[in-house]
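Asks: Quick note on the numbering used here: the sequence shown kicks off at 1 and runs consecutively.
By construction, these hints were calculated from the structure, which means they are not laboratory data. Remember, predicted model here, so these are calculated numbers, not experimental data. Don't be surprised by glycine CBs; every beta carbon is placed ideally from N, CA and C. Check each hint, because a few of them may be wrong.
Below, computed lysine-lysine pairings styled on DSS-like, alpha-carbon distance capped at 27 Å [said to hold, decoys possible]:
(1) K18 <-> K30
(2) K35 <-> K51
(3) K68 <-> K85
(4) K25 <-> K35
(5) K78 <-> K68
(6) K92 <-> K78
(7) K89 <-> K78
(8) K46 <-> K35
(9) K78 <-> K93
(10) K84 <-> K68
(11) K46 <-> K30
Each pair of labels, with its calculated beta carbon distance range [said to hold, decoys possible]:
(12) D80 <-> N40: 50 to 60 Å
(13) L57 <-> K85: 54 to 64 Å
(14) Y82 <-> L57: 49 to 59 Å
(15) N44 <-> E67: 24 to 34 Å
(16) K89 <-> K51: 49 to 59 Å
(17) S48 <-> T12: 47 to 57 Å
(18) S14 <-> M34: 24 to 34 Å
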Amino acid sequence: MQWWRLPRRPRTTSEDYKLLEYMNKLTSLKYPEMKDIAVNISRNLKDSNQKYAALQLYLDQITLIEEKVAALEQAAYKLDAYSKKLEAKHHKKLERR
1 MQWWRLPRRP RTTSEDYKLL EYMNKLTSLK YPEMKDIAVN ISRNLKDSNQ KYAALQLYLD
61 QITLIEEKVA ALEQAAYKLD AYSKKLEAKH HKKLERR
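Use the sequences and the hints to build the structure in full.
Replies: This is how it looks when you write it as structure tokens:
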């Protein structure tokens with residue numbers, strides 16, 4: 001019996017009982033399906049956590065590289081500003097001659 005074919009209004013106590021029995025059967029059929037879904041989710045989560053843990057070393061290295069690149073970029077900006085300052089100073093000395 002399909003769920004959409006349930007009687008609209010039970011008329012007797014025995015029909016109520018049959019309806020409850022039918023609903024219990026449907027529910028009991030859903031439990032193994034929900035269990036399988038939960039097991040699959042759990043397995044996938046465990047796999048994802050293991051993959052993340054395996055990648056953690058590389059992620060840490062990437063973070064360290066990003067920090068070093070940022071520091072190097074700052075040093076390059078400072079060096080550029082300093083070299084422009086020296087160039088301007090040297091250029092002024094050449095103009096005086």
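Asks: Evaluate each hint against the coordinates.
Replies: Comparing the hints with the structure gives:
1. K18 <-> K30: holds (18 Å)
2. K35 <-> K51: holds (24 Å)
3. K68 <-> K85: holds (25 Å)
4. K25 <-> K35: Measuring from Cα to Cα gives roughly 16 Å; hence the hint holds.
5. K78 <-> K68: holds (15 Å)
6. K92 <-> K78: holds (21 Å)
7. K89 <-> K78: holds (16 Å)
8. K46 <-> K35: Distance ~16 Å between K46 and K35 Cα, so the pair holds.
9. K78 <-> K93: The given pair, whose Cα atoms are some 23 Å apart, holds under the 27 Å limit.
10. K84 <-> K68: holds (24 Å)
11. K46 <-> K30: Given that 27 Å is the threshold and the Cα spacing comes to 24 Å, the pair holds.
12. D80 <-> N40: 50 to 60 Å: holds (56 Å)
13. L57 <-> K85: 54 to 64 Å: violated (42 Å)
14. Y82 <-> L57: 49 to 59 Å: Check failed, 37 Å falls outside 49 to 59 Å.
15. N44 <-> E67: 24 to 34 Å: Holds, at about 33 Å.
16. K89 <-> K51: 49 to 59 Å: For K89 and K51 the Cβ distance comes to about 56 Å; the hint holds.
17. S48 <-> T12: 47 to 57 Å: holds (53 Å)
18. S14 <-> M34: 24 to 34 Å: Since the Cβ atoms of S14 and M34 sit about 30 Å apart, the hinted range of 24 to 34 Å holds.
Of the hints listed earlier, those the structure fails to meet are numbers 13 and 14, in rising order.
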